[in-house]
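K.L.:
Following the hints, complete the assembly by docking chains B and C onto the known chain A.
Read top to bottom, the protein sequences are chains A, B and C.
Letter by letter, the first sequence follows residues 40 to 477 of this note's numbering.
Letter by letter, the second sequence follows residues 705 to 986 of this note's numbering.
Letter by letter, the third sequence follows residues 77 to 404 of this note's numbering.
Treat the hints with caution; some may be incorrect.
[To be verified] Label-pair distances were calculated between CB atoms; the ranges are:
| id | chain 1 | residue 1 | chain 2 | residue 2 | range |
| --- | --- | --- | --- | --- | --- |
| 1 | A | F106 | B | F730 | 55 to 65 Å |
| 2 | A | P52 | C | P196 | 46 to 56 Å |
| 3 | A | P67 | B | P928 | 51 to 61 Å |
| 4 | C | A111 | B | A708 | 55 to 65 Å |
Simulated from the structure, these hints should not be mistaken for laboratory data.
For every residue, glycine included, the Cβ atom is placed at its ideal position computed from N, Cα and C.
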Amino acid sequence: MTLKTFTGGLHPPDSKQSSAHKPIERCPLPAELVIPAAQHIGAPAEICVAVGDQVKKGQVIAQAKGFVSVPIHASTSGEVIAVEPRLHPMGRALPAVVIKPDGLDQWDETLTANDPGQLDAEELKTLVREAGIVGLGGATFPAHVKLSPPEGKTIDTLILNGVECEPYLTADHRLMLEQAERIIDGINILRKILGVKTAIIGIEANKPDAIAHLEKECAAHDIQVQPLKVQYPQGAEKQLIDACLGRQVPSGGLPMDCGVVVQNVGTCAAISDAVRLGRPLVERIATVTGPGISEPKNLLIAIGTPLQHLVDQCGGLEGEPAKIIMGGPMMGQTQLSLEVPAIRGTSGLLIFREQDLQIKPAGPCIRCGRCISVCPIHLQPTTIAAYARLELIDEAESYHALDCIECGCCTYICPATLPLVQSIRHAKGGIMAKRRKL
Amino acid sequence: MLAAVLSIGGIGLVAAAALGVAAKKFAVEVDPRELAILEVLPGANCGACGQPGCSGYAKGVADGTLAPNLCPPGGADVVEKIARIMGIEAVSAEPQIAVVLCQGDNSKATQKYRYLGLSDCNAAQKIADGPKTCPGGCLGLGSCQRACPFGAIEMTPEGLAVISREKCTGCTKCVAVCPRQVIRMTPLAATTHVLCNSHDKGPLIRKYCQIGCIGCHICKKTVPDAYAVEDFLARVDYAQHAQAAAAIEKCPTKCIRDFSSGYPQGSSFASPTVPVKTETAA
Amino acid sequence: MDNQLYLSSSPHIHSGETTDKVMRLVIYALLPASALSIYFFGLPALGVLLICTLGCLAFEAISGKLMKQPLTLVDGSAALTGILLALNLPPSCPWWIALFGSAVAILIGKQIYGGLGYNPFNPALVARVVLLISFPVQMTSWTAPAPLGSGIDAVTAATPLGEMKTAVMLTGKLPELAGSGFGHYFTGNMAGCLGEVSAAALLLGGLFLLYKKIITWHIPVSFLGTVLLIGGIFWLVDPSKYPSPLFHLLTGGLLLGAFFMATDMVTSPVAFKGMLIFGFGCGLLTVLIRLFGGYPEGVSFAILLMNACTPLIDRYTRPKIYGQVQNT
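Looking at chain A on its own, in the form it has when it is part of the complex (with noise of 0.2 Å):
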């Protein structure tokens, strides 16, 4: 099959070498776990449990708040010994249930099991939602509001996201090798809600064995398995349609504006727990790994397990830790310490030491334009930047800053080191405050 790619792009080194052949290992569970109330994109649930309580596992701690929004689950029994503002992903402090595990792992009796064959579109989808399934490539998108396409979209085909494109994660490719059948149900069960026929799995060309695995157990399913060339952002939505089927998602627009929807790979296997088992999303697969980590490994992570434990996992900590990185290298969020809990978009933890670091003070722009060959959204990345400094929010967005993915390719390679992707950000904040005042 040949590798279909998109324009645009680089290949950091991929670094996954440290954690790609180890198998799934389940993690322990720590001391306590933290569980925020805010962890998906759109509104945060509303806490509905107090200090005191005994809780099961999958029991709902925390309701969903409004259409864009999905219920938080315990991911443990045990009982709730806080329930306060507590350090979070995003660097401040923020509702959070504290539970303290019991130690017998007791799931939540009034969740049943259910057979997909026996519902239809609409029953399906509010086990998702009530299952608090939201995207695990890190978007952290409610993944019914992504499979209820408003009046007018017609959808056509199913694309599944096995890229993994950052340097280092390993999660998604172990989850192929180990647990495909999973991801599989998942698909039939989403092709079932959108009343779509056609599914491809997109995987890099860097993961052989799980791309020849999957077309086995696809070959009875009828859903496609396309080898993409190795590039980031290949895992990127936009880039990812663009590359299987040669449709570009309009700007300003969503993927659905093609007749596609986009889930990744880790999203479909959690579905088909939720509706098959009837199991809600309370743990999910994240590699640990790093430079900074003494052995790297992908960890099976309950909701709300603090880094520590992760780091202590994987014996420890190799040098002084110099940035936590939640995510992976290109986009992940820098983190204040690591107190701080796993929640459901937690891909990866990745720890740098300062040798690890290149840290060199940001010279002019010499105009190379490299930041503008390697933009997948074929930007002008060191305009847009140069506008954002100056506070020239109106000639920023002439030159769509808000179509950037922040993918930071461009930041990678710029010579003079500038922080474009912040300064983009900054200009993106600067638009939308503006539209808001108006």
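P.N.:
Using the frame of chain A, we list chains B and C on its own:
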């Protein structure tokens, strides 16, 4: 030679005549008072009046739609001149200047992380609420200095913003741009201020800043009328600012400063020996 | 206690490519041409190279201090400007002209605009053109190549382009330039500026830059291609009056200009389409000035004129963004 002189001269005459006719025919009627007002305004186009530049303000005043005392950089001087041009009575508001209510520079306050990136306070604030541990303190990345149209703000070598009392015109641009609201407008005549912007309790403040207000109330006990303490943070009551200086030596953390005896440590501004602008409310 | 962790916006890894690395690679690419110029023209060439390079460094340091800016010498751009300027001067250039040129290049070509990245014109070319117009005699006094060790002192000679222009102006016909001249043009055995002579060395440097991805093919190919095309058309129309495209290619500052001066990132367009237009404009102007202009060589002026057009070219060659909606 003659042909050249005549032809060039002729072109010049024709052009001059055309320009003269155009000047008369396409002239825009402008209220002469508007031009006179524009003449006396400072011309910095800072926008403090809320209009798009000095010409916008001049037009509004000449129209009668704007009050004559909306230009802080102009001060009472300009209000008086505008009043004379418009033939009205004008009362200038009490002049106000901006003060950075913080002395916690890098030598006195801790950082909760090492910040890498754009040297802009608003950008830094977006990353985990800013690198300074104190939630209300000055970040020292210079956004206010860049926003000031009058060059009145300096950044000390240890990363603290300080505003010159002589150069500040009260345009409020710095107040708008600061993500921590640590800059406040205060009456020009008031020289004593509590330089702290954190409402955290005393023991917590002591962990991250040596010169912050711990809410001990001693200033209020010393001069009850001049201070108000709310949520562990003392503030000078500017209606009684003249008495406030008496509490300075009693303050245990030395967070109260009288600017007439000097600017915060590290600042290059020299304290004026006499108050600079001596107008009082008319 | 200060937290020692770093927090920043994403991304958190970097390619490692830096401005000074880019500058250094360009300097390496110019070493073959510089070395050959010393071989062909002897110590005077070395002198010009040293004065220009050190002069540019000195003026950058002085102006940086006066402007109260941090020291930028380490980014290598001043040294690079110095070498490029030297390669644009004749070997017999007096030291004070070379020094004056360095001052013009750095102070007027770069620093008054705000330093690296802000100058609209190529600094080395600005200096060369200022010198050419201010000191026409010294700037057009050429010596024949006297390879080191050949024992020959400097002998005045004319450049191939100079001979061509003079002959065409006087007789309306090309001079008798033997076909064997092409071999000399390729290796560098001809009169000219330090950097104009050896096509082989310049091509080597240019290919090195392409291989290292410091420059892309767009400007050199469109520049040289246009010269070959337009020069070729004129040559076909009247071969007795207009020289062959190969002659255009190998003489004068064309190769130096196409690979090293027109490709200067700061002063050329940022998008690929814009680069092609830029190269085409340079090529067209070069040929027109060479054939019909008052100066025998048009590369410097052509590039400077196109530098002036760069902002306009940038404005109209913005890449089409992903998902561009038709009605915007």
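K.L.:
Give me the numbers of the hints this structure contradicts, sorted from smallest to largest.
P.N.:
2
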